Every structure is written in structure tokens, then in C-alpha cells.
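Chains as they are written, first to last, in UniProt numbering: chain A, 1 to 344; chain B, 1 to 274.
The reader is advised that the hints may include incorrect statements.
As the list claims (entries may be wrong) - In silico lysine-lysine, PhoX-like type, Cα no more than 20 Å apart, as pairs: (1) K233/B with K168/A; (2) K168/A with K185/B; (3) K303/A with K263/A; (4) K148/A with K225/A; (5) K98/B with K255/A; (6) K185/B with K233/B; (7) K98/B with K263/A; (8) K168/A with K147/B; (9) K225/A with K155/B; (10) K194/B with K233/B; (11) K155/B with K194/B.
What the hints contain is simulated information worked out from the structure, not anything from laboratory work. Everything numeric in this text was worked out from a predicted model, so none of it was measured.
This is what each chain is made of:
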Amino acid sequence: MYCKGACSGNIGCDLPPGAQAAVVGSSFLERVGNPPARWVGSPRGFCAQVSFQRPGSAGPCAHSPGRADGCPSLALLRKTGEARPTSWLNFKLHWELGLCCATMSGGTVRSLGKGSAPPGPVPEGLIRVYSMRFCPYAKRTLLVLRAKGIRHEVININLKNKPEWFFKKNPLGLVPVLETSLGQLIYESAITCEYLDEAYPGKKLLPGDPYEKACQKMVFESFSKVPSLMVSFLRKQNKEDCSGLKEELHKEFSKLEEVLTNKKTTFFGGSSLSMIDYLIWPWFEWLEALELNECVDHTPNLKLWMASMKNDPIVSSLPTDVKTLQGFFNLYLQNSPEACDYGL
Amino acid sequence: MAGGDAVTSTPCRSQEEECSFFLSLEVKDRLSQKMDLEGQLRKMGSAPPGPVPEGLIRVYSMRFCPYAKRTLLVLRAKGIRHEVININLKNKPEWFFKKNPSGLVPVLETSQGQLICESAITCEYLDEAYPEKKLLPGDPYEKACQKMVLESFSKVPPLILRILRTQNKEDCSGLKEELHKEITKLEEVLTDKKTTFFGGNSLSMIDYLIWPWFERLEALELNECVDHAPTLKLWMAAMKKDPTVSSLLTDVKTFQGFFNLYLQNSPEAYDYGL
């Protein structure tokens with residue numbers, strides 16, 4: 001199944017533009033295994049604009065060739081008044097109609113844990129990313145993949161119950177990891193992002209000028225204390241006084257505010273969004289869920305930047321729901337193996 | 001001697017006296033060393049330097065800083081005309097914080113007044129801005145591999161610093177164990193690649209980036225930590241033979257003299273050997 005890329009990407013579908021679903025046809029049900037006891041469709045659901053044919057071919061899905069207005073499942077959905085499949089039964093109905101685009105993108109795929117079979121090689125024309133739905137580091141890679149329109153597939157890893165085979169992909173056992181169809185493995189989020197920018201054509205996210213590129217890296221460096229501060233904050237919540245941590249976070253944000261004030265631009269790389277913005281964004285997404293919005297109260301340019309980021313089509317195609325994130329945090333702090341699949 | 005020699009703020013020595021320190025170096029190296037010599041050790045109260053002359057790039061450095069050594073190695077390897085200004089890191093000039101708010105070396109300054117900080121960023125900048133003799137591979141995957149090696153090296157510098165600072169040598173065994181573990185990771189990279197250097201059969205960026213800490217092993221009496229890493233030992237020997245590396249090699253005694261003063265927090269540490 002392929003996304004036809006018919007929408008502008010704003011529809012909030014879990015299937016990335018141009019991405020191929022990891023399985024095709026009847027094997028989908030085998031791959032997914034038993035349906036979850038409660039199928040809770042993600043708020044975004046699935047775009048009905050998919051094709052069972054090869055990418056680039058004309059027409060909607062195979063069951064209704066020649067229909068210009070898309071998959072009949074959309075008609076069914078309209079009929080039932082539902083915007084998206086919201087239950088397993090509903091989904092199965094659509095599936096039996098052979099119409100539903102079963103997205104295997106990061107949004108709804110259950111993570112693989114200990115005892116799971118290792119995935120096969122990466123199909124040609126695709127790059128694979130090992131990820132986790134709530135990992136901010138992996139989010140960087142997903143943002144870049146989308147921003148550059150790179151065809152990819154996502155395999156989520158249960159970080160609280162890692163499959164043994166995953167350590168062959170990255171001895172550190174961390175996400176994100178990129179795997180090419182040649183079996184090349186690249187890990188460390190910033191390295192994966194730079195690799196994607198260099199290896200794939202199209203819009204360059206990093207500037208060509210060596211000095212401008214160095215400036216982006218220096219901003220990245222000055223951001224480097226934020227992730228560990230936020231994790232410390234997450235871990236300390238409700239246990240100890242967090243005002244010290246908030247102070248430190250506030251200090252780090254002031255540094256970033258200075259960058260924006262000096263540059264006099266909306267984004268960290270200039271007047272349009274570029275690599276550095278994507279690299280630091282995922283932690284700003286956490287602010288609301290951690291009730292840390294006050295930390296940007298004294299940094300107006302940073303606040304404006306956050307608003308501009310939320311308006312970006314790529315960023316908004318990968319939103320993180322506050323409640324879902326909080327649910328994840330809750331389970332994560334309890335070291336629950338269910339944490340990584342929260343909300344599915 | 002390490003690149004970037006310095007004079008103190010008290011009476012300057014004559015150029016001849018400075019040159020006498022370099023009798024052992026080859027003549028062609030002495031010319032570039034003279035450029036390094038002209039770097040004054042700047043400390044609190046010293047006048048800020050003027051703009052960087054066109055055709056030159058300036059590096060703010062310190063003779064014994066391993067991070068700054070990375071930048072000096074790259075400048076030499078690529079044959080980039082540069083001048084060195086050494087900073088007294090225990091007594092920093094106020095103006096230096098305008099060059100780098102964090103007050104750390106190395107910092108690059110171009111003739112247009114552009115400032116670049118963080119050693120790895122300076123090295124990558126130089127490789128991109130000066131196209132001759134590329135040190136980083138062009139292939140995105142090969143370049144990513146070099147960066148992954150740098151990442152797996154990243155625990156070594158803080159470990160070595162901690163070992164240096166641990167006065168009580170008995171307590172070092174735990175740290176030495178950790179260092180040994182990190183070094184084993186690097187040994188694995190070389191044995192998997194089956195090449196002499198970390199980027200292939202010739203020396204490249206990653207080798208220069210990690211070398212300065214290996215340079216210090218002997219002075220810190222840590223040679224044992226590479227005993228179980230024969231391929232890494234061979235790499236170290238090959239590195240010492242490289243013209244760029246050997247032209248900037250610091251001898252054991254000088255290192256030890258510096259370490260001694262450094263641990264006493266002496267502001268004279270940075271001029272040791274002059």
C-alpha cells in the first residue's frame with residue numbers, strides 16, 4: 001500500500017507522504033497478530049487516499065479503479081459519520097473491504113520486544129528507522145525524513161523490553177537507528193539527520209555555507225543541556241522541589257533566546273525552518289505535558305518560534321498529544337513494558 | 001613542541017631566542033612555527049588583539065589543550081595559513097569572553113570577524129571552508145561512520161581528565177578499568193575495519209580528532225591501558241610517523257611538567273617549557 005501523497009500533508013495521517021506500508025495484502029493481519037483488545041484509533045487515524053498499486057501509478061485503490069475521488073472506504077466513513085476508523089471492528093470492516101490503508105508508520109505500530117522475530121532486510125528504495133513513538137531523539141529523525149520526503153518505514157522498539165536482535169543494529173540498544181537496503185546502520189540522532197540531508201536530494205536542511213553550518217552546530221551545542229534537564233525534571237516530579245531545575249532550564253532557554261534576538265530571524269537558521277529547528281523541537285513539545293510552559297515566559301522570541309513551529313506542516317503532521325505523552329510518562333516512570341505502546 | 005608557543009607578558013624574548021627552542025625541527029617547519037611563536041600568551045589585563053589579517057585564520061589556543069590540538073592538527077594537515085594566540089586559561093583576559101562566551105579554547109576567528117567554537121565544529125568548518133586535502137570522506141555513510149567512532153570515543157577525554165586529577169593513585173584502578181573498556185571499543189573498530197587508521201588506509205579526520213588524548217598516555221603512565229589493544233598500538237605508532245602529528249608532538253617531560261603545575265592550579269602552567 002502506498003500513500004499517493006494526494007493531500008498536502010496537513011491531514012495528520014499516520015502514513016508519511018510517499019511511504020510504503022511495511023506489509024501488503026493479507027499478511028497484514030498476520031503481521032499485526034491478534035488485534036488489540038481495545039483498538040483505540042489514534043486521533044489522527046488514517047488518510048483514505050491510498051493505493052494498492054505501485055507508487056506513482058494513477059488511481060485510487062485496486063478495489064475501485066478509476067475512481068477519482070479516492071477509496072470507497074472514505075465513502076463508507078462519510079456514511080457512518082465517522083471521520084476515522086475508531087474501533088478494531090470498524091477497521092476490520094474496512095480491511096475486509098480491502099480498502100483501508102493500514103499504516104505501518106510510527107504513529108500506530110506496536111513496538112517489538114524481547115522474543116520478537118528480527119525484521120527482514122530493508123526493501124530497495126526505502127530506508128528503515130528503528131524508533132519509539134515518544135522518543136524525542138527519534139523524533140528528530142522522523143521530522144527530517146518527512147521534511148525531505150524520504151520514503152521510509154518505521155519499526156518501533158519497546159525500550160523497556162528490548163529485542164535481542166536490536167543490539168545487532170545498535171550495540172548501545174538506543175533509538176533512533178537508520179538501516180539502508182544495503183544493510184548499512186547509522187545511529188545517534190544528530191548523525192542520522194546529517195546523513196539523511198547529505199544522502200538524499202531535494203531540499204537541503206543544512207546550509208551550504210561552512211560558516212552558517214558551523215553556526216547551526218554551535219546553537220545545537222548550546223542547546224545540549226536541555227534534554228538531560230528535562231529528563232531530570234520528569235524523574236523528580238512530585239518527589240522533590242523542582243525550582244532549582246526550573247531555574248537551570250530557564251537559564252538555558254535564555255541562551256537560546258539570545259541567539260534569536262541577535263539573529264533577528266524567526267527560526268534558528270534564518271527566516272525559514274531548517275535543520276537546527278527540527279533538532280531542538282522535540283523537547284519543546286514536552287513543555288506543556290511537563291507543565292513547564294512558564295519556562296518560556298521570559299523568552300518572547302522563543303515563544304514565537306514555538307508557535308511558528310507548531311504551524312509548520314511537517315511538525316504538525318507528527319504532533320504529540322499532551323494527554324498521550326503524560327500517559328506515556330506515567331508508565332515510563334514505573335518502568336512499565338507497556339509504556340512505549342501507550343495510546344495504541 | 002606543541003603548536004603555538006607563547007611568551008609571558010614580562011619582557012619579550014628576541015625572535016632568535018624563541019627560534020633556538022626549535023633547532024631540532026626541520027627548516028620548513030620552523031617557518032610555520034614562527035607564525036605560532038608570534039602568538040602572545042594573553043592573560044587578564046592584556047590588550048585585545050586586532051582584527052585577523054586577510055589571507056589568514058586565527059586560532060585561540062593553549063599549548064597543552066587536547067581539544068585545541070585537534071584544530072592545530074587540522075590546520076597543519078591542510079596547510080592552512082594561520083596565526084595562534086595562546087590564552088592563559090587560569091587567568092583569562094576579559095576580551096576573550098567576547099570571542100567565546102564560554103571562555104574555552106579552541107576558537108577560530110576569520111578575517112571577517114566570524115567566530116567558531118567547539119573543537120569538532122572548528123575542524124569540520126576548516127575541512128569545508130578550505131577545499132584542498134579533504135580530511136572527511138565525501139560519502140555520507142563513510143562520514144557518518146567517522147562521526148559514530150567519535151561518539152564511541154567520547155567517554156575517553158573526561159576519563160583521562162579524572163585520572164589526571166586523582167591524586168591518590170590507588171583510587172585510579174576503577175578509572176583505569178573504565179578506560180580499558182573504552183579503548184577495547186576502539187580496538188574493535190579497527191579490527192572490524194581491517195585498516196591501519198580509523199577512516200581507512202590513510203589518515204583522516206577521525207584520527208586527528210582522537211589522537212591528542214593518546215599522545216598523553218605515556219606522560220600519564222597509562223600505556224598499560226593499550227596493552228590488550230595491539231591494533232590500536234600499531235595505530236599509535238603509525239600516527240607518530242605522520243608528518244603533521246610529529247611536527248606537533250609534545251614530549252613526555254614537557255607534558256609532565258605542565259600536568260604538575262596544572263594540578264597545583266598555577267597560572268604558570270600554560271607557559272611551562274618556555
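- Item | Restraint status (C-alpha distance of K148/A to K225/A at most 20 Å) | violated (28 Å)
- Does the structure keep K168/A and K185/B at a Cα separation of 20 Å or less? At roughly 15 Å apart (the allowed maximum being 20 Å), K185/B and K168/A satisfy the hint.
- Hinted pair K225/A and K155/B, Cα distance within 20 Å: holds (17 Å)
- Straight-line Cα separation of K303/A and K263/A no greater than 20 Å? holds (15 Å)
- Message: Can you confirm whether the C-alpha distance between K155/B and K194/B stays at or below 20 Å?
- Response: Distance ~24 Å between K155/B and K194/B Cα, so the pair is violated.
- Assess, step by step, whether the Cα of K168/A is no farther than 20 Å from the Cα of K147/B, and give holds or violated. The hint holds at about 19 Å.
- Agreement of K194/B and K233/B with the hint, judged by alpha carbon distance not exceeding 20 Å: Within the cut-off at roughly 14 Å; holds.
- Between K185/B and K233/B, is the straight-line Cα distance small enough, at 20 Å or below? Answer holds: K185/B to K233/B is near 14 Å, not above 20 Å.
- Task: Take a quick look at whether K233/B and K168/A sit within 20 Å of each other, Cα to Cα.
- Result: With a Cα-Cα distance of about 27 Å, the restraint between K233/B and K168/A is violated, given a limit of 20 Å.
- Message: K98/B and K255/A were given as a pair; does the straight-line alpha-carbon distance stay at or below 20 Å?
- Response: holds (15 Å)
- Query: Is K98/B within 20 Å of K263/A, Cα to Cα?
  - Reply: holds (17 Å)
Hints 1, 4 and 11 from the list above are not met by this structure, while the remaining hints are.
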